[in-house]
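When you get a sec, could you build the whole thing from the sequences and use the hints?
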Amino acid sequence: MTPRGENPGSCSYRRDNGILRPMNPDSPGPPPDIVRTLVDLGTELQAEEIDLPRVLDMATRNAVRLLGTDIGWLSLFNDATSRMRVAVSHGVTGADFAAMEIAHDEGLGGAALERRGPVVISDYASWASPGPVRDAMLAEGVASVVCAPMLRGDCVVGVLYAANRTPTDFTPADVSIVTALAAQASVAIGNGRLYSSLLDKTRTLEATFEIHRALGEAAMSDIGVDRVVRALGELTGRRLLLEQRVVPPFEIFSEPADDGDGETAVAAVVPVRRNEADVGRITVFGHAPLSELEQNALSHGATVLALELMKHEAAQDVEWRLRGELLEQLLETGGAHSGELVARAKRFGIDLGGSCVIVVIEASGLEPPALRALVQRVITSHDAGVDRHTTLSGQRGDRGVVALIGEGHDLDRFVRFLVRAAGDAVVWIGTSAGRPTVAEGFREAAACSRLARQASPEQARVIHGSALGPLRFMLDIRDLTNARSFVEDVLGAVAAHEDAGGAQLLTTLRAYIEEDGHHQRIARRCHVHASTVKYRLARIADLLGRPLQPWETRFEITLAFRLADLLRSLPDERSAGLPRD
Numbered sequence: 001m002t003p004r005g006e007n008p009g010s011c012s013y014r015r016d017n018g019i020l021r022p023m024n025p026d027s028p029g030p031p032p033d034i035v036r037t038l039v040d041l042g043t044e045l046q047a048e049e050i051d052l053p054r055v056l057d058m059a060t061r062n063a064v065r066l067l068g069t070d071i072g073w074l075s076l077f078n079d080a081t082s083r084m085r086v087a088v089s090h091g092v093t094g095a096d097f098a099a100m101e102i103a104h105d106e107g108l109g110g111a112a113l114e115r116r117g118p119v120v121i122s123d124y125a126s127w128a129s130p131g132p133v134r135d136a137m138l139a140e141g142v143a144s145v146v147c148a149p150m151l152r153g154d155c156v157v158g159v160l161y162a163a164n165r166t167p168t169d170f171t172p173a174d175v176s177i178v179t180a181l182a183a184q185a186s187v188a189i190g191n192g193r194l195y196s197s198l199l200d201k202t203r204t205l206e207a208t209f210e211i212h213r214a215l216g217e218a219a220m221s222d223i224g225v226d227r228v229v230r231a232l233g234e235l236t237g238r239r240l241l242l243e244q245r246v247v248p249p250f251e252i253f254s255e256p257a258d259d260g261d262g263e264t265a266v267a268a269v270v271p272v273r274r275n276e277a278d279v280g281r282i283t284v285f286g287h288a289p290l291s292e293l294e295q296n297a298l299s300h301g302a303t304v305l306a307l308e309l310m311k312h313e314a315a316q317d318v319e320w321r322l323r324g325e326l327l328e329q330l331l332e333t334g335g336a337h338s339g340e341l342v343a344r345a346k347r348f349g350i351d352l353g354g355s356c357v358i359v360v361i362e363a364s365g366l367e368p369p370a371l372r373a374l375v376q377r378v379i380t381s382h383d384a385g386v387d388r389h390t391t392l393s394g395q396r397g398d399r400g401v402v403a404l405i406g407e408g409h410d411l412d413r414f415v416r417f418l419v420r421a422a423g424d425a426v427v428w429i430g431t432s433a434g435r436p437t438v439a440e441g442f443r444e445a446a447a448c449s450r451l452a453r454q455a456s457p458e459q460a461r462v463i464h465g466s467a468l469g470p471l472r473f474m475l476d477i478r479d480l481t482n483a484r485s486f487v488e489d490v491l492g493a494v495a496a497h498e499d500a501g502g503a504q505l506l507t508t509l510r511a512y513i514e515e516d517g518h519h520q521r522i523a524r525r526c527h528v529h530a531s532t533v534k535y536r537l538a539r540i541a542d543l544l545g546r547p548l549q550p551w552e553t554r555f556e557i558t559l560a561f562r563l564a565d566l567l568r569s570l571p572d573e574r575s576a577g578l579p580r581d
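Going by my numbering, the residue at position 131 of the sequence shown is 131; the numbering climbs one at a time, nothing skipped.
Incorrect hints may appear among the rest.
[As the list claims (entries may be wrong)] Below, a list of computed lysine to any residue pairs in the SDA-like style, where the Cα atoms sit at most 20 Å apart:
hint: 1; residue 1: 534; residue 2: 557
hint: 2; residue 1: 311; residue 2: 271
hint: 3; residue 1: 311; residue 2: 300
hint: 4; residue 1: 534; residue 2: 544
hint: 5; residue 1: 534; residue 2: 515
hint: 6; residue 1: 346; residue 2: 388
hint: 7; residue 1: 534; residue 2: 520
hint: 8; residue 1: 311; residue 2: 248
hint: 9; residue 1: 534; residue 2: 524
hint: 10; residue 1: 311; residue 2: 279
hint: 11; residue 1: 534; residue 2: 498
hint: 12; residue 1: 311; residue 2: 376
hint: 13; residue 1: 346; residue 2: 331
Derived from the structure by calculation, the hints contain no laboratory data.
If you want it as structure tokens, here you go:
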């Protein structure tokens, strides 16, 4: 093989401190084409805006032209994958060649990068290791190759190659040309990336300012939480979901789902925080990770939403307080409503002339503020089955009070939802049966909640006023002396025997009434033998002075137990001193 370019009258060149110098001292200097090419590349590098693809194409094309080779290509390093991939090529005929990819420390390019200098291979087929890259090179007919690394300080940029399909001995001048072009291309890539980064940051900054302006205007115009979410979705180009517990609706999408129920992949979840506490969260849908601009928009959007929710929360607190004061006044005034009170209720959209159901809630494991928050959260929920605009709520001691005024309320649904929302806390709920006034309804509902607590001290229980039957009218009687006397007359002797250390006769008597006299069921309920039940019932009959079997006796005993339970449930002194089983 003859050295490429060594014809009569020609000379070779060597690289000396970055300058091509003739290997023959008598040579006049670098060929004009080389100088002109490097000057042209330098001019491109000094341009105000570097056209990076054009510069890389110029370096590759001029390597082929100046060396007179068949093929030239440039591979760039990918930081994310640590692999080299062909970016620009000239003279290539096969599609596989243009798609070549290899680890940055393998192959001919890897050798050049490792030695941080050019590599010349005269017989590529003998030099290369078997593999897809060697197969693609040989399929392209590559016989000889010269390449130079593209570096920016210690950073790998890529490799520039020139190759012939016939065996060739590349001269030092050839090597110098490829090295110079690779250095110029490295500068171009570095400057281009820097310029692109600065341009991206400028655009991001400008877009961020626009986002802050748009979201700031949205917050100042008081357009509401849902409109802010939609605006944020438009600014980011993403489908968003805001979840919060301050103001209904508690789930707000930036745009409706399509026929396929929308995108389900979650790209990120952004917390909405106020005073270091989470008040909600923004779910961002999509497969692509968030860009810097999207992160800025969502961060600022979360701040605006936190402020918007704080405004709603403040307004809601005022409304809850005013509605609570109205409820308290209705409880205090009893049956007569003054014109001023009626007018005040109408300002809340409440007609005091309509029907009214009172719900009283007692809870174990919930302090009064937590119980109040639970009741308010349930009332504002879409799933609670009540019209929050005609609902009043407040606090009476450690009990929550809710007044469902007028039509449009689903009492059973509300109570079920309330029990479910309480979670691990045990709640006892009593409801009134359509009393004409709030005060009367409260007395009935409070008695029912007490009954629920007495009947089921370890688990949630609901008792409706309608379940009291005729006894509910006892709640309207101020003087219950006769009722107390009746209970004492019927149950007093049995209770006194038990208080004196006797057997649990009162408990056995209640079981006798509620189990319809069935001895086996009574025994299981009282955890005693059936013969013990028989003995106790005989003793009870002796104390009462009459047999238990006649229906009149059983009716009186049943009524006495029901009256005792009801009287004990009253929230005043009328419940003191009654027999307890």
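Going straight from one Cα to the other, do residue 311 and residue 279 come out at no more than 20 Å?
holds (13 Å)
Decide if the proposed pair is consistent with the structure: residue 311 and residue 248, CA atoms, cutoff 20 Å inclusive.
With Cα atoms ~14 Å apart, residue 311 and residue 248 stay inside 20 Å; holds.
Regarding the pair residue 534 and residue 544, is the alpha-carbon distance no greater than 20 Å?
holds (16 Å)
Taking only the CA atoms, is the gap from residue 534 to residue 557 under or equal to 20 Å?
holds (18 Å)
What's the verdict on residue 311 and residue 376, does the C-alpha distance respect the 20 Å limit or exceed it?
holds (17 Å)
So if I understand the rule, the pair passes when the alpha-carbon distance is 20 Å or less; does residue 311 with residue 271 pass?
With Cα atoms ~18 Å apart, residue 311 and residue 271 stay inside 20 Å; holds.
Given the hint that residue 534 pairs with residue 498, test it: the Cα-Cα distance must not exceed 20 Å.
Cα-Cα ~17 Å, so holds.
Could you grab the alpha-carbon distance between residue 534 and residue 515 and see if it respects the 20 Å cut-off?
Roughly 14 Å between the alpha carbons, so the hint for residue 534 and residue 515 holds.
Decide if the proposed pair is consistent with the structure: residue 346 and residue 331, CA atoms, cutoff 20 Å inclusive.
holds (17 Å)
Residue 534 and residue 520 were given as a pair; does the straight-line alpha-carbon distance stay at or below 20 Å?
Status holds; Cα separation ~10 Å.
Is residue 311 close enough to residue 300, meaning Cα to Cα at most 20 Å?
Holds - the C-alpha atoms of residue 300 and residue 311 are around 17 Å apart, at most 20 Å.
Taking 20 Å as the top limit, are the C-alpha atoms of residue 346 and residue 388 close enough?
Measuring from Cα to Cα gives roughly 14 Å; hence the hint holds.
Consistency with the previously given hints is maintained throughout, with no hint failing.
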